[in-house]
Every structure is written in C-alpha cells, then in structure tokens.
Amino acid sequence: GAGVSQSPSNKVTEKGKDVELRCDPISGHTALYWYRQSLGQGLEFLIYFQGNSAPDKSGLPSDRFSAERTGGSVSTLTIQRTQQEDSAVYLCASSFVGHGSSYEQYFGPGTRLTVT
Amino acid sequence: RKEVEQDPGPFNVPEGATVAFNCTYSNSASQSFFWYRQDCRKEPKLLMSVYSSGNEDGRFTAQLNRASQYISLLIRDSKLSDSATYLCVVPTRGGTSYGKLTFGQGTILTVHP
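Protein chains in written order, with this note's numbering: chain G, 866 to 981; chain E, 50 to 162.
Chain G on its own, in the form it takes in the complex:
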C-alpha cells in the first residue's frame, strides 16, 4: 500500500523567505509526527498530532515554526523567515495509535531544505 509521502523532496530558499512542507500520512493512521535531522545528527522531534487532540508542539524550536493538520490527514509544516540554521532534512512519520496498537512509526522520504 501507499506509504508516507512528502513534498517537495528538495527545497532551496533564500534566507528570510517562508517555506511550506507537506506530508501525506498513511491512510488510517491517527498520529502524525514531524522531525528534523541535521547532517550527521539524530532525529529532533518537532510536533505531534494525534486524532482530534491539541497537537504537542513541545519540540518546535521557535515561533517561526508552525504546523497544521487538516481533516485529520495531510499536514503542512511552515517555517517563516527562514534562517541558515533551519537547513536540514524534515521528516514526517505516521502511526496508528489506539487500543492494542504498538505505535510503530513509518517515515516519509523527507524534504531536504537548504537555506542560502
């Protein structure tokens, strides 16, 4: 079946511009996660959506970062006034969270963001 998809796969932007990254989770998955990974580093949690609950935004590094999830499916991560330190791979994952589920997360291929 279809996995998690993300677009664009690569994005080059100038410092100060806004960018939007999109994630389409696996159909039926209730939870959606955004992470970022800088070169040679581990995964940094950004934000978590679960069903209709308020999102867990505890990982967002600044108020320039925001995300929304429309209709419990597609999510958009927006970075305003991009800075060079925002350059990283942004990974989206989804999982089924519910009674008896095991929470395995499945990742999309990521969006490689380069801020020049």
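Treat the hints with care, since some could be wrong.
[Stated by the list, open to error] With a cut-off of at most 25 Å between alpha-carbon atoms, the simulated DMTMM-like pairs for lysine to aspartate or glutamate come out as follows:
(1) G/LYS922 to E/ASP106
(2) E/LYS91 to G/GLU950
(3) E/LYS51 to G/GLU909
(4) E/LYS91 to G/GLU909
(5) E/LYS94 to E/GLU54
(6) E/LYS91 to G/ASP928
(7) G/LYS922 to E/ASP131
(8) E/LYS128 to G/GLU885
(9) E/LYS94 to G/ASP928
Hints listed in this document are in silico derivations from the structure and should not be mistaken for laboratory results.
Mind docking chain E on chain G? Use the hints.
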C-alpha cells in the same frame, strides 16, 4: 539517565562477523520497543519490534531485559548491506506523550569485505 542511550560506535566488522549493539532506556513503564535502521541520506525504516523478552527475524535478534532496562540487537553473519545506522526507539515518558517515541542517537555499523 537519558531517555534512550546508545553507543554511537562506529562498529567496523568484517563480513560474516556477529555484532551486537546495546541500548539503555529510562522509562520503566515502556511496553514496546523498536529498532530502526537508517541508511545514509535516507529515512529511518522499521527493522524490528520487541514486545516481550525478544524477537528474532532471520539473522537479526532483539532481546529485552526489563530488569536492567536495556535492549540489544544482534546481527549474525553480517553482510555488506547491513552497513547503516541502527536506532533504538522507546515510548516517550510523561505528559501528553501517548503514542510518541523517543529515538536514540544511533549506532553506526560498517561491514567491510
């Protein structure tokens, strides 16, 4: 103790060798655990899930020691294609973290001819 702690390596082993990685975790209430592998410039992919004392899948064996709060991954008969970073993953503790996972920093494995 960190939520998830792994030896970063790198582990450099010849083909055919057996190699083991350990991972310690702090959330004693965790019930499920995972090993992911991540190839260079690729996304993490689920390798194994561990719910009881362990799990075996071909050349890969994961073992869980709840008393000592560690998980191990054993790879037998290493192949060149096993070269990757291996991520230990456990449920996040506390707050509204239901369903969230915490990823370790990863252990780098290089298998050479």
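Tested hints:
1. G/LYS922 to E/ASP106: Since the Cα atoms of G/LYS922 and E/ASP106 sit roughly 36 Å apart, the hinted pair is violated (cutoff 25 Å).
2. E/LYS91 to G/GLU950: Given pair E/LYS91, G/GLU950 holds - Cα atoms ~20 Å apart, limit 25 Å.
3. E/LYS51 to G/GLU909: holds, 15 Å
4. E/LYS91 to G/GLU909: The hint holds at about 15 Å.
5. E/LYS94 to E/GLU54: holds, 19 Å
6. E/LYS91 to G/ASP928: violated, 28 Å
7. G/LYS922 to E/ASP131: violated, 35 Å
8. E/LYS128 to G/GLU885: violated, 40 Å
9. E/LYS94 to G/ASP928: Roughly 30 Å between the alpha carbons, so the hint for E/LYS94 and G/ASP928 is violated.
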